[in-house]
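K.L.:
Single-letter residue listing:
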Amino acid sequence: MTLYDQLPALVVVVLLFTAPITYMLRLHGFPWFSATAAVVTSFLVACSLAATTITGETIIYEMGGWPAPYGIVLHIDALSALMAMLITGASSAALIFGFKSLADEVGEETAPAFFAAWLLCTAGLVGMVITGDAFNIFVFMEISSLSTYVLISAGPDRRALISTYRYIVMGTVGATFYLIGVGFLYMVTGTLNTADLAARVGQVEDIRLVLVAAGFVSVGLAIKAAIFPLHSWMPNAYTFAPNAVTVFIAAASTKVSLYVLMRVDYAIFQNSITNHDVQLTFFLVPLGVLALFAGSMLAIYEKNLKRLLAYSSVAQIGYIALGISMTSVAGLTGAIVHMFNHGLIKGGMFMAVACLALRYRTVNVANLAGAGKTMPWTMAAFVVGGLGLVGVPLTPGFISKWYLVLAALDEGWLGAMLVAVILISSLLAVIYVWKVIEVAYFAEPRANAVPVNGEAPLAMLIPTWIVVLTGIWIALDTSVTVGLASLAAKNLLGVAL
Amino acid sequence: MMTIVFSLFLLTMLVIVAVAILRTDNLFTAVMLSGIFSLIMAANFFILDAADVALTEAVIGAGISTVLFLSALALTAEHDRSPPVGTWVPLLTSSALGGVIIFATFQAPRLGDPNAIVHQHVAPWYLEKTPELIDVPNVVTAVLASFRGYDTLGEVFVVFIACIGVMSLLGRVRPRRESIEEDEFDKRTDNLRHHLIPRVVGKMLVPFIVLFGLYVQFHGDFGPGGGFQAGALIAAGVILYSLVEGGPRGRELVPEWFSSMLVALGAFTYASVGVASMAMGGRFLDYSVLSHDPIHGQHMGILIIEAGVGMTVAGVMITIFHAFSRRGIR
Amino acid sequence: MELLGLYNYFVFAVLLMIGLYCILARTNIIKSLIGLTIFQSAVFLLYISMDKIDGGTAPIIQEGVENQVFANPLPQVLILTAIVVGISTTALALAVTVRIKEAYGTIEEDKIQEMDREL
Chain V
0 MTLYDQLPAL VVVVLLFTAP ITYMLRLHGF PWFSATAAVV TSFLVACSLA
50 ATTITGETII YEMGGWPAPY GIVLHIDALS ALMAMLITGA SSAALIFGFK
100 SLADEVGEET APAFFAAWLL CTAGLVGMVI TGDAFNIFVF MEISSLSTYV
150 LISAGPDRRA LISTYRYIVM GTVGATFYLI GVGFLYMVTG TLNTADLAAR
200 VGQVEDIRLV LVAAGFVSVG LAIKAAIFPL HSWMPNAYTF APNAVTVFIA
250 AASTKVSLYV LMRVDYAIFQ NSITNHDVQL TFFLVPLGVL ALFAGSMLAI
300 YEKNLKRLLA YSSVAQIGYI ALGISMTSVA GLTGAIVHMF NHGLIKGGMF
350 MAVACLALRY RTVNVANLAG AGKTMPWTMA AFVVGGLGLV GVPLTPGFIS
400 KWYLVLAALD EGWLGAMLVA VILISSLLAV IYVWKVIEVA YFAEPRANAV
450 PVNGEAPLAM LIPTWIVVLT GIWIALDTSV TVGLASLAAK NLLGVAL
Chain B
0 MMTIVFSLFL LTMLVIVAVA ILRTDNLFTA VMLSGIFSLI MAANFFILDA
50 ADVALTEAVI GAGISTVLFL SALALTAEHD RSPPVGTWVP LLTSSALGGV
100 IIFATFQAPR LGDPNAIVHQ HVAPWYLEKT PELIDVPNVV TAVLASFRGY
150 DTLGEVFVVF IACIGVMSLL GRVRPRRESI EEDEFDKRTD NLRHHLIPRV
200 VGKMLVPFIV LFGLYVQFHG DFGPGGGFQA GALIAAGVIL YSLVEGGPRG
250 RELVPEWFSS MLVALGAFTY ASVGVASMAM GGRFLDYSVL SHDPIHGQHM
300 GILIIEAGVG MTVAGVMITI FHAFSRRGIR
Chain U
0 MELLGLYNYF VFAVLLMIGL YCILARTNII KSLIGLTIFQ SAVFLLYISM
50 DKIDGGTAPI IQEGVENQVF ANPLPQVLIL TAIVVGISTT ALALAVTVRI
100 KEAYGTIEED KIQEMDREL
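Taken in order, these protein sequences are the chains called V, B and U.
Mapping of the first sequence onto numbering that gives the first Met the number 0: residues 0 to 496, in sequence order.
Mapping of the second sequence onto numbering that gives the first Met the number 0: residues 0 to 329, in sequence order.
Mapping of the third sequence onto numbering that gives the first Met the number 0: residues 0 to 118, in sequence order.
Read the hints as simulated data drawn from the structure, not as lab findings.
Among these hints, one or two may not hold up.
[As the list claims (entries may be wrong)] Each computed SDA-like pair below joins lysine to any residue, with the alpha-carbon atoms no more than 25 Å apart:
| hint | chain 1 | residue 1 | chain 2 | residue 2 |
| --- | --- | --- | --- | --- |
| 1 | V | K99 | V | V362 |
| 2 | U | K100 | V | H27 |
| 3 | U | K110 | B | P89 |
| 4 | U | K100 | B | K128 |
| 5 | B | K128 | V | M169 |
| 6 | B | K202 | B | D220 |
| 7 | V | K302 | U | L23 |
| 8 | U | K100 | B | T65 |
| 9 | U | K100 | V | A198 |
| 10 | V | K99 | V | K489 |
| 11 | U | K100 | V | L422 |
| 12 | V | K302 | V | A198 |
| 13 | U | K110 | V | R157 |
A quick note: this is a predicted structure, and the numbers were derived from the prediction, not measured.
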């Protein structure tokens, strides 16, 4: 057993192992340092896993040495590796970026607990994407959910508390629905391993239970993925969390639930439910379209910049839902690529917002007048991110929309309608991005405005620009992301897990 | 025959208690009823041949959960002042949900059917191979600690996060340095010292509860039991002492730093066993490589991780209880 | 008799309904949390109902006893995990509730919404 063979387990073990240490040792400055070191190590391991799986190889690692389906196995293919890179990358970026902003919002006393929770959130999300066992997904889902609740509740405003409470209730109901679905699946197949489930579900005679299981799993995961109309926990949770936390969870957490939805739908249910693709289209397309319109409209009318971006995320998740519903390689590639690209775009934009919040002490759009002049680099990063949301060429958003439009054009008249929807929603995105640009560049600061000490600190500006430039690089050289994504799409559609 | 009647009765009681919880306005009543609900649920589990789960539900659901709710209740409100409901959306959603499930379960295998698929595939393998591969009589412990040990690791970390969360929300307070008169101290904190019977009987019970907890911990391989139940039992003993003697004396018995350290140490122990397995050339959490003989390695691995689980669960329950009780002192 | 064999699942459905209704229709936070615990307990009942086998007993292998029929150990393991996860969620939610009471002075959701709207 070389170190190379142990990598699949290490990507999550490093995080789990460091968390109690971070909590126990109460030295000044140590929690941030150990958390960042562990997450960056995990990111490097995830990149190496991606390098292995881009060749099409699937890694299987038996936990405890027991073979599937008797033990729990880790199942890592191109999609898992891509998601793991996204999660650990977003986590590292948010941590490195957040050194100053977190010191501002989270006190010294609660720092060990906070960073231990951060490590466990990352561990939970990574654990969800690399495992090959349906119940294990639930356990790690709860690890990531509980730690997210802890992270969000550390926000300074008292509305963080009530947002956390609402998120707890909705999140637990969602996770419990998922558990009910898995229970029904277990009842008809007798196993929990995802590959084994995929093989056995096709042989089940009583289709009713499988349908109900599919329903419960889908609704449960839709709640966690903030698919419209079950998204109501999300805007407030993102708004009132500490700024660096928002960077991390906006980039990663809902995407993981979408990943599980894709896996379960395509790997398990595709074989057993006839007309599966029609049903998926029937369920997801209207929700995706509604999400696009509702999310964008709500963003246009929103005064709080963080909540504006949160509603924009609801709309962008609508794009991903549309991509999933088109059961074609191009559609799924578009959805998967957008998961990664949106993570980059929103991560960068929330970083810019955090810089603004640090200097202006507010996130109300009206009070940010003149930011274009006092903080030119920050606003420039925000503008590039905004162009990515719209889908302008040379931004990562363009790549994902390109694939989605390609997939939609294959679908006949429904597809043509979807293309129209995508174009209209891009125009709506222009409106809400322009709203912010107008205030920042073309409005005069109010007379009683708080004086600002100039540009954001370099420690925050540099990570923001690294994320933005990575986005542009990925838009120009799409080989890694699109390569992994189309490989993953082919895996999902062609061969069962 | 009697079992069937009994089980029908218990199931119906569950529904009646649940409706009662829904309809009552007094939160104290609701919490007490939820304790009864958990106890009836535990009895149900016992009738369904799930001994370990019955023990866990009784200790955690009827015991710890009730204590936590009451502590929170003491700090918040006594009555449910919800407006009279004119809400048809919740009614519609719930009925739709129930209707869908009942519709589906007409095709479910009936209770106890030996030909059901769940009894054909993975389960017989566990029952057959456990004596040979792990040699532990309690198959549930074998599956929990070894075959699906990775899940249990995740679970320990969930408990760990709960502790972290409660500590970061309800904070730490520096201990008071001033010395106060004994009577004044008793007047200022909530305790039962002036009630003779609870005080005497409670203090007599505490050592037995802790002893039983330790028994359950180490006997978990041979009978129902294991780390989770044991940790919760030991915590229950300490909580009983704190309730009788008052929070500050309870915190002298088991100081905050000690229970916090237990929490982190337990999780760390579990993760270390897994890392040690990797260091010795096996997979993560593969206990067979921990010792010269695979079965001996399995025993050792299970013993250590159950100890880790017990430490974490006990530490977490005690810490959470103290965090709530400390908040009430003004 | 068929229906009696499915009684467990009916009770599961009814408890799920009651729990969900309690969460959605009650504005008091602690009442909603009790509803959440009922909701989760109903799921435990579903899983454990699957483990029973006719003539079986708890899965503890005893020396020298042959041909024992044992109940299925797997759902029990899953539910042990789920119970502990449930209590962790409850504990965290109760801590948040205590903080809400301190920050807002009430734990009725409609009053909290009013207070937030005034901001």
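K.L.:
Each of the hints needs a verdict: does it hold here or not?
P.N.:
A quick look at each hint next to the structure:
no., hint, verdict
1, K99(V) - V362(V), "17 Å, holds"
2, K100(U) - H27(V), "32 Å, violated"
3, K110(U) - P89(B), "20 Å, holds"
4, K100(U) - K128(B), "53 Å, violated"
5, K128(B) - M169(V), "41 Å, violated"
6, K202(B) - D220(B), "30 Å, violated"
7, K302(V) - L23(U), "29 Å, violated"
8, K100(U) - T65(B), "19 Å, holds"
9, K100(U) - A198(V), "51 Å, violated"
10, K99(V) - K489(V), "43 Å, violated"
11, K100(U) - L422(V), "46 Å, violated"
12, K302(V) - A198(V), "50 Å, violated"
13, K110(U) - R157(V), "15 Å, holds"
When held up to the earlier numbered hints, the structure conflicts with 2, 4, 5, 6, 7, 9, 10, 11, 12 and fits the remainder.
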